[in-house]
Amino acid sequence: MPTRTVMITFDIDGPSGTLQRAPETATRPSVISQGDFGPRVGVPRILELLAGHGVPATFFVPGWVAENYPEAVRSVIRHGHEIGHHGYLHEPPGVLGNRTAEAEILDRASAILQAMTGHPPLGYRSPAWDISRWTLDLLQQRGFLYDSSLMDHDQPYLIVNGRRKLAELPVHWALDDAPYYSFNPAIGRTGPLLSPQIALDTWLWEFDRAYDEGAAFMLTLHPYLSGRYSRLEALDRLLKHIRGRRNVEFKRCEKVARQVLRDRSTAGSRTTTRKARK
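When we follow the working numbering, the leftmost residue of the sequence shown carries the number -19, and every step to the right adds one.
Hints may contain errors.
[To be verified] Result set (EDC-like, lysine to aspartate or glutamate): computed pairs, CA atoms no more than 16 Å apart in a straight line:
id: 1; residue 1: Lys145; residue 2: Glu28
id: 2; residue 1: Lys145; residue 2: Asp188
id: 3; residue 1: Lys145; residue 2: Glu234
id: 4; residue 1: Lys220; residue 2: Glu28
id: 5; residue 1: Lys220; residue 2: Glu193
id: 6; residue 1: Lys220; residue 2: Asp188
[To be verified] Per label pair, the in silico range of CB-to-CB distance:
id: 7; residue 1: Lys145; residue 2: Gly168; range: 31 to 41 Å
id: 8; residue 1: Arg122; residue 2: Glu47; range: 19 to 29 Å
id: 9; residue 1: Asp87; residue 2: Pro3; range: 18 to 28 Å
id: 10; residue 1: Gly168; residue 2: Thr7; range: 11 to 21 Å
id: 11; residue 1: Thr7; residue 2: Lys145; range: 27 to 37 Å
id: 12; residue 1: Gly194; residue 2: Arg238; range: 18 to 28 Å
id: 13; residue 1: Pro3; residue 2: Glu84; range: 33 to 43 Å
id: 14; residue 1: Arg143; residue 2: Asp87; range: 33 to 43 Å
id: 15; residue 1: Asn78; residue 2: Pro100; range: 16 to 26 Å
id: 16; residue 1: Gly77; residue 2: Arg144; range: 18 to 28 Å
id: 17; residue 1: Gly32; residue 2: Ile178; range: 21 to 31 Å
Treat the hints as calculated values from the structure; they're not laboratory data. If you're wondering where the values come from, they're calculated on a predicted model, not measured in any experiment. For every residue, glycine included, the Cβ atom is placed at its ideal position computed from N, Cα and C.
Start from the sequences and build out the full structure, keeping to the hints where you can.
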């Protein structure tokens, strides 16, 4: 039986997304505290859980979060997990409308992450999964190995643009904790809050079907959401279920991307040609 690939990923947004969408909330401690919970409390709990299961993961970090919560990022690095790029202040490139501004944000955050990890980030996940028509080209120009922002497939594939190549590790809202758990009236998110059991059931069904078909499984979580006890329990149960299946390998996104770039015949992969619009 071929090995099934599982990618467990986390976006350490902290309060960056709230500040990006509603800068005035910077003077509202209660609003900011919700995001603050992620790097301060959620990350340590999640790292402990992952260590208990022996699961490697990928953490996507905005540059602003790395600047303001450096110990959280360092702890992720110490635990041997991958650090990926997630913008600077969680700016969705799709709404920037400016290639130069997008490139400046990309480079600014890359420099911050490189200073912490000792090497340039190799993977990128767009804030809000909203890339622009230039994003993939900018990533390829800068030597990124992969993007993880698109939803046009549920299996890793190769993006070819002339001589440049980029692995795409697709995502989907059903495999993200935000639609189930996010509640923040200050930025228009008013629920309803759903039970972790609903999220867990969905993720179990998705994994089991992917497993049966020999496909990869990608999950996206946020420490400020999934770091809460009941939601952490759901993640614990999911990891126990996955680990109970035969021929499953948890992988960092970088490892999966390198496999896609090296071997187009990777199970479930495909190739597409994309060109940036002018």
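Hints, verified against the model:
1. Lys145 x Glu28: violated (36 Å)
2. Lys145 x Asp188: violated (31 Å)
3. Lys145 x Glu234: holds (14 Å)
4. Lys220 x Glu28: It holds: about 15 Å lies between the C-alpha atoms, which stays within 16 Å.
5. Lys220 x Glu193: violated (20 Å)
6. Lys220 x Asp188: Judged against 16 Å, a Cα distance of about 13 Å means the pair holds.
7. Lys145 x Gly168: 31 to 41 Å: holds (38 Å)
8. Arg122 x Glu47: 19 to 29 Å: holds (20 Å)
9. Asp87 x Pro3: 18 to 28 Å: For Asp87 and Pro3 the Cβ distance comes to about 22 Å; the hint holds.
10. Gly168 x Thr7: 11 to 21 Å: holds (19 Å)
11. Thr7 x Lys145: 27 to 37 Å: violated (46 Å)
12. Gly194 x Arg238: 18 to 28 Å: holds (20 Å)
13. Pro3 x Glu84: 33 to 43 Å: violated (18 Å)
14. Arg143 x Asp87: 33 to 43 Å: violated (22 Å)
15. Asn78 x Pro100: 16 to 26 Å: holds (23 Å)
16. Gly77 x Arg144: 18 to 28 Å: The hinted range 18 to 28 Å holds for Gly77 and Arg144, with Cβ atoms some 24 Å apart.
17. Gly32 x Ile178: 21 to 31 Å: Holds - the Cβ-Cβ distance for Gly32 and Ile178, about 24 Å, lies within 21 to 31 Å.
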